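Guided by the hints, dock chain B onto chain A, whose structure is given.
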Amino acid sequence: MMDQLPPGTPQNERPESELLHAQTSDGASAAMSHREYVTQLFTKYRASLQRYLTRLVRPEDAAELVQETYFRLLRHESMVRLEAMARAFLFQTATNLARDHRRRGVVRRSDQHVALDDLEIAQEHQGPEQQLVGEQILAQIERAIADLPADTRTVFLLHRFRDLSYPEIAKLMNLSTRSVARKMADALERLSSVVEATL
Amino acid sequence: MKSFLRWRIREQGAWGWFARLRSGRVDERVDEAWSKWLAEDVAHARAYENTELAWELSAELKGRPKLEALLRDLEAQFPADTRRAAAQASPVRGPLAVFGQSWRLAGLAAVALLCVGVVTFFMLNRVSVTDYTTEIGEQRTITLPDNSQVLLNTATHVRVTYSRSLRRIDLLSGEALFQVQKDARRPFEVHALNGVTTAVGTEFDVQVNGASAAVSVLVGTVKVEGTAGDPKGQTAQVTLGQAVDYTAAGAVSAVRAADANRIRAWQAHRVVYTDVALAAALQDYNRYLRVPIVVGDPSLAARHVNGVFRIGDQTAFIHALEEGLHVKAVATGSEIVLQKP
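From first to last, the protein sequence lines stand for chains A and B. Quick note on our numbering: the first sequence kicks off at 1 and runs consecutively. Quick note on our numbering: the second sequence kicks off at 1 and runs consecutively.
Keep in mind that the hints were calculated from the coordinates and are not lab data. Predicted model, so just to flag it, every value in this text is computed and none were measured. Check before you lean on any hint, since a few could be wrong.
[Stated by the list, open to error] Here are some of the chain A residues that sit facing chain B, going by a computed Cβ distance under 8 angstroms:
{"hint": "1", "residue": "M32"}
{"hint": "2", "residue": "Y37"}
{"hint": "3", "residue": "Q50"}
{"hint": "4", "residue": "R55"}
{"hint": "5", "residue": "V57"}
{"hint": "6", "residue": "R58"}
{"hint": "7", "residue": "R75"}
{"hint": "8", "residue": "E83"}
{"hint": "9", "residue": "A84"}
{"hint": "10", "residue": "Q131"}
{"hint": "11", "residue": "I141"}
{"hint": "12", "residue": "A146"}
{"hint": "13", "residue": "Y166"}
{"hint": "14", "residue": "L175"}
{"hint": "15", "residue": "E189"}
{"hint": "16", "residue": "E196"}
[As the list claims (entries may be wrong)] Taking CB as the label site, the calculated pair distances span:
{"hint": "17", "chain 1": "B", "residue 1": "D284", "chain 2": "A", "residue 2": "R178", "range": "53 to 59 angstroms"}
{"hint": "18", "chain 1": "B", "residue 1": "R29", "chain 2": "A", "residue 2": "G134", "range": "38 to 44 angstroms"}
{"hint": "19", "chain 1": "B", "residue 1": "R164", "chain 2": "A", "residue 2": "T43", "range": "24 to 30 angstroms"}
{"hint": "20", "chain 1": "A", "residue 1": "S176", "chain 2": "B", "residue 2": "A251", "range": "54 to 60 angstroms"}
{"hint": "21", "chain 1": "B", "residue 1": "L74", "chain 2": "A", "residue 2": "L199", "range": "24 to 30 angstroms"}
{"hint": "22", "chain 1": "B", "residue 1": "G220", "chain 2": "A", "residue 2": "H34", "range": "25 to 31 angstroms"}
{"hint": "23", "chain 1": "A", "residue 1": "R103", "chain 2": "B", "residue 2": "Q77", "range": "31 to 37 angstroms"}
{"hint": "24", "chain 1": "B", "residue 1": "R256", "chain 2": "A", "residue 2": "R103", "range": "26 to 32 angstroms"}
{"hint": "25", "chain 1": "B", "residue 1": "S35", "chain 2": "A", "residue 2": "D151", "range": "42 to 48 angstroms"}
{"hint": "26", "chain 1": "A", "residue 1": "R51", "chain 2": "B", "residue 2": "A302", "range": "54 to 60 angstroms"}
{"hint": "27", "chain 1": "B", "residue 1": "K62", "chain 2": "A", "residue 2": "S33", "range": "55 to 61 angstroms"}
{"hint": "28", "chain 1": "A", "residue 1": "T198", "chain 2": "B", "residue 2": "G296", "range": "25 to 31 angstroms"}
{"hint": "29", "chain 1": "B", "residue 1": "A251", "chain 2": "A", "residue 2": "A197", "range": "33 to 39 angstroms"}
{"hint": "30", "chain 1": "B", "residue 1": "R72", "chain 2": "A", "residue 2": "A139", "range": "38 to 44 angstroms"}
Ideal Cβ placement from N, Cα and C applies to all residues, glycine included.
Isolated chain A (complex conformation) (with noise of 0.2 angstroms):
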C-alpha cells in the first residue's frame, strides 16, 4: 500500500516522463490539472513524507496517513504551484494529520476495555497526547531555544513565534537582513540536532 498510489489516480495512466514534461514545459503546466499536479508531487516527495511521519507516529499508521494526505491535498484546489511552498504545505498537512491522528488515538486505546464514562473523560482529559511528539522531546527542544545565543534566540523567537519577517527583524535589532538569515540557520541547525538525537 505504502509504495503505491490510490488507485485511479493519473500516475496508474501516464508515464512519469511525461509528467516531468508536463512540469518543465510552460504552456502545459497551466493546463496541468489539479490532480496531476499533486499526483507528481507526491511522486516526488513520497518516500520523504513516509520518512517524516514514521518518526511521529508508527509506521504503519504513517503509510495511512500519507495517504490521507494525499487525498486531502486533492481537495485543496486552491494550491499555489510554487515547489518550495507546495512541499511545505504538504508537510504540514500531514503534521495536522498526525496531530489529529494523537488525539483519536487516546480514544481508541481507551475504549479496547473501559466503561463509556472512562471514554468521555479520556477525550476531555487528552493532556500531552494532543502533543506531536512525548514531553521529554518538547523539553529539550525548549532548552535549546533557551540555551541559544541570545540574538540568535531573539531571531528565532520573533519569527517563529511573532511572525516578523527577516526586514522587520533586522530593523528591531539593528542587523542586516543577512544576518538575520544566518542567526535564524544558526538557530534551525541547534534544534534540528535535538531533533536528530531524539527522534
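Frame of chain A, contents of chain B only:
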C-alpha cells in the same frame, strides 16, 4: 577532514536553505536551485526533514511556561509599538512573501501608494500576493483587482492572494468586512485561524478574536468550514442576518443572529453599545486604543453601557462613561483606570 567538510556543507545546506526560503529574498530561480539541491542526495532530503520537524515541533511549545517567559522577556525588550512600526516599514512576511523580493521593482509604485504591501507576480500562474495592515485605531478600504472591496478595521493584517483561479484572503489578525463581486468560477475564500469562509457574491464580516473567529453575513450566503480542507470538518451555511463562531480547533457554533448594527457602525467609524456590560464594551472599544481603558473596581464590570460613540474620540467616550456610570477615569500612563468616585 575532507569528509567532515563535506558533511558540514551538506548539513548546513538544510538549515541554510530552510532559513533562506523564509527570508523574503527568493524567486523562481532560487526555488529551482533549492529543488535541485534537495533531489541531489537522500542525505539532503533527510537533513531537510530534520529541520522541518524541528520547525514544526517548536510550534508545539506555545503556552509552555519556559517559552512564555522567554517571549515575555522579548516583549519587554521590544514594546508593541516598535513591533508595529517595524511591521509597517516592511510588510512582506509569511510563506508566500518569500517569493516576493526579486519582483519588487514592479511593486515599488504600489508600496509608495499604499505605504504597505508588495505586489508579487508569478509569471507562470500570475499569482499576486499583497499584504495590507492597519494600525491601532486606523481603518482603511482596499479595492481588489476584481473590484471587490475589503474594509479593514483596527489593528488588522490581511494577505490577499489573487490568480486566475483563486481569490483568497488570509485574515491574520483583526477584523475585516468583505464586499464581494460575483464570479462563480472564482470563489472568494477568507481564511482565518484554521477555518475558511467561502462566498461567491456577498457581503460579510470576519473577526478574529484570540482563539476564535466570528463570521457575520450582511448580504447573500457564505459557507463556513471550521477546518480548511478537512472533508470531515464541521461546516455551516450562513445567510443574511446570521452569524457563526468557530474555534481554532475547528468547532463551528450553531447559527445565531448577526449583530449587523455593530458592523454597519464600525464601517461608519462608530461603535454601538445597547445594554452591553461595561467589561464587554471596554474589551471591544480597547481594540481601537493604544492605551486601554480598564475597570479598577470589579463591581463596575457588570454595569451596562448604552450609546453610539465615535471611534477615535476617546475623550468623549471616557467622558460619557464618567457621566453615565458615575465613575472617575484615572490615567496611569500605561492604562486608563475606571474607579468609583
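Range hint 53 to 59 angstroms (beta carbons of D284(B) and R178(A)) holds or violated:
violated, 43 angstroms
Quick check on a hinted range of 31 to 37 angstroms for R103(A) and Q77(B), using CB atoms only.
With a Cβ separation near 36 angstroms, R103(A) and Q77(B) satisfy 31 to 37 angstroms, so the hint holds.
Kindly confirm whether 38 to 44 angstroms is satisfied by the beta carbon distance between R72(B) and A139(A).
violated, 19 angstroms
Do the numbers back the hint for R55(A), that is, is its least Cβ distance to chain B under 8 angstroms?
holds, 7 angstroms
Chain B contact restraint for R58(A) - C-beta distance below 8 angstroms
With a closest approach of 17 angstroms, the R58(A) hint is violated.
Is the interface hint for R75(A) satisfied, with its Cβ closer than 8 angstroms to some Cβ of chain B?
holds, 6 angstroms
When the nearest CB of chain B is found for A84(A), is that gap smaller than 8 angstroms?
holds, 5 angstroms
E189(A) as an interface hint toward chain B, with CB separation required under 8 angstroms
holds, 5 angstroms
Consistency of beta-carbon spacing, H34(A) to G220(B), with hint 25 to 31 angstroms
Given about 27 angstroms between the Cβ atoms, the range holds.
Verdict for S176(A), A251(B) (Cβ pair) under range 54 to 60 angstroms
At roughly 44 angstroms between Cβ atoms, A251(B) and S176(A) fall outside 54 to 60 angstroms, so the hint is violated.
Could you check if A146(A) really has its C-beta closer than 8 angstroms to a C-beta on chain B?
Status holds, d = 6 angstroms.
Range hint compliance [Cβ, S35(B) to D151(A), 42 to 48 angstroms]:
The hint (42 to 48 angstroms, Cβ to Cβ) is violated, given that S35(B) and D151(A) are roughly 31 angstroms apart.
In the structure shown, a violation is registered for the earlier hints numbered 1, 2, 3, 5, 6, 14, 17, 20, 25, 27, 28 and 30, in ascending order.
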